[in-house]
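Undergrad: These protein sequence lines map, in sequence, to chains A and B.
Per numbering that gives the first Met the number 0, the very first residue in the first sequence carries number 0; after that it's consecutive.
Per numbering that gives the first Met the number 0, the very first residue in the second sequence carries number 0; after that it's consecutive.
Rather than coming from a laboratory, the hints here were simulated on the basis of the structure.
These numbers were taken from a predicted model, which means no experiment stands behind them.
Do not rely on the hints blindly, as some may be mistaken.
As the list claims (entries may be wrong) - What follows is a set of in silico ranges between Cβ atoms, one per label pair, in the way DEER data are often shown:
#, chain 1, residue 1, chain 2, residue 2, range
1, B, His29, A, Asp2, 35 to 45 Å
2, A, Thr4, B, Asp13, 24 to 34 Å
3, B, Gly8, A, Thr4, 57 to 67 Å
4, B, Asp32, A, Asp64, 25 to 35 Å
5, B, Arg71, A, Asn59, 51 to 61 Å
6, B, Thr7, A, Met0, 44 to 54 Å
7, A, Asn59, B, Leu30, 48 to 58 Å
8, A, Thr4, B, Ala128, 25 to 35 Å
9, A, Thr53, B, Val124, 47 to 57 Å
10, A, Ser23, B, Asp157, 43 to 53 Å
11, A, Glu67, B, Ala101, 32 to 42 Å
Backbone N, C-alpha and C define an ideal beta-carbon position, used for all residues, glycine too.
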Amino acid sequence: MADQTKRILYMQDSGVIAVICPASKETRTVEEIAKKDVPTGKKYKIVDSSEVPTDRIFRNAWEIDESELTDGVGD
Amino acid sequence: MSKTTIPTGGITADAITDAKIADGAVGTEHLTDAEITFGKLSTSGTEGDNVKQRVCKVWINYNGASSGAPARDDFNVSSTTDEGTGDTTINYSTNLANDDYAILTGSGRTEAGSGGHNRLHEVCVDRYAVGSHRLLCIDSDDDSAKDMHGVFSAVFGDS
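Model the full assembly from the supplied sequences, consistent with the hints where possible.
TA: Put into structure tokens, the structure is as follows:
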């Protein structure tokens with residue numbers, strides 16, 4: 000089962016962060032999900048879900064510095 | 000029909016063929032529970048006999064108001080991508096055969112709990128491919144994107 004306490008972050012072309020949540024029944028690991036579901040060539044970072052804001056009022060303004068996306072690149 | 004005594008030592012492999020079993024001789028009560036798998040469903044070219052095509056290939060109930068849009072439950076989903084307010088992509092564990100499939104969508108609450116039902120919200124399919132589809136939740140009053148606590152989707156198509 001994929002680890003649902005993790006989130007995968009990457010920057011969309013729009014400049015807004017995308018947040019990926021693994022599905023509970025998925026048998027792939029979080030790292031495998033990141034490779035598969037992050038768009039090809041996009042850098043990503045895997046973080047604990049507690050690190051992602053819960054207040055979504057300014058959701059479309061969330062950003063992350065490209066230099067922090069150090070865990071891999073989408074296939 | 001005449002009866003035949005089973006020889007000592009039992010029945011040899013492949014001795015029982017379709018031709019040796021009378022029509023209706025074997026009822027569904029003789030099937031073991033869970034014995035029929037997805038792979039055994041008919042893929043007949045005759046539409047009325049094609050059971051596999053009628054089976055739902057992807058379904059999900061997710062919380063679009065929580066960061067990451069986590070699924071409450073799902074089938075054939077590897078992950079959900081929260082792309083912004085009211086904007087979620089459902090990624091499949093196993094791709095469909097093509098992108099000519101049908102997507103059913105719906106949404107429930109704008110607030111947590113049992114309240115907040117609002118029938119003025121729409122769930123639009125923004126894009127779809129063999130491995131995912133993207134949904135946008137829209138407030139019909141002002142066409143703005145909206146995070147919904149309950150978003151539902153199901154996919155029917157070829158696999």
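Undergrad: Does each hint hold? Answer for all of them.
TA: Verification of the supplied hints:
1. Taken as a hint, the range 35 to 45 Å holds for the pair His29(B) and Asp2(A), whose Cβ atoms sit roughly 43 Å apart.
2. Separated by about 53 Å at the C-beta atoms, Thr4(A) and Asp13(B) break the suggested range of 24 to 34 Å.
3. Hint check: Gly8(B) to Thr4(A), Cβ distance near 59 Å, so the stated range 57 to 67 Å holds.
4. A beta carbon spacing of about 55 Å between Asp32(B) and Asp64(A) contradicts the range 25 to 35 Å that was offered as a hint.
5. Distance hint for Arg71(B) and Asn59(A): a CB-CB separation of about 24 Å, inconsistent with the stated range 51 to 61 Å.
6. Thr7(B) and Met0(A) have their C-beta atoms about 51 Å apart, which keeps the hinted 44 to 54 Å range intact.
7. The supplied range of 48 to 58 Å is met by Asn59(A) and Leu30(B), whose beta-carbon atoms lie about 53 Å from each other.
8. Between Thr4(A) and Ala128(B), the C-beta spacing of about 28 Å keeps the proposed range 25 to 35 Å intact.
9. In this structure the hint that Thr53(A) and Val124(B) lie 47 to 57 Å apart at CB is violated, the actual value being about 27 Å.
10. For Ser23(A) and Asp157(B), the Cβ-Cβ distance of about 26 Å falls outside the hinted range of 43 to 53 Å, so the restraint is violated.
11. Between Glu67(A) and Ala101(B), the C-beta spacing of about 40 Å keeps the proposed range 32 to 42 Å intact.
Hints 2, 4, 5, 9 and 10, counting from the list given before, are not met by this structure.
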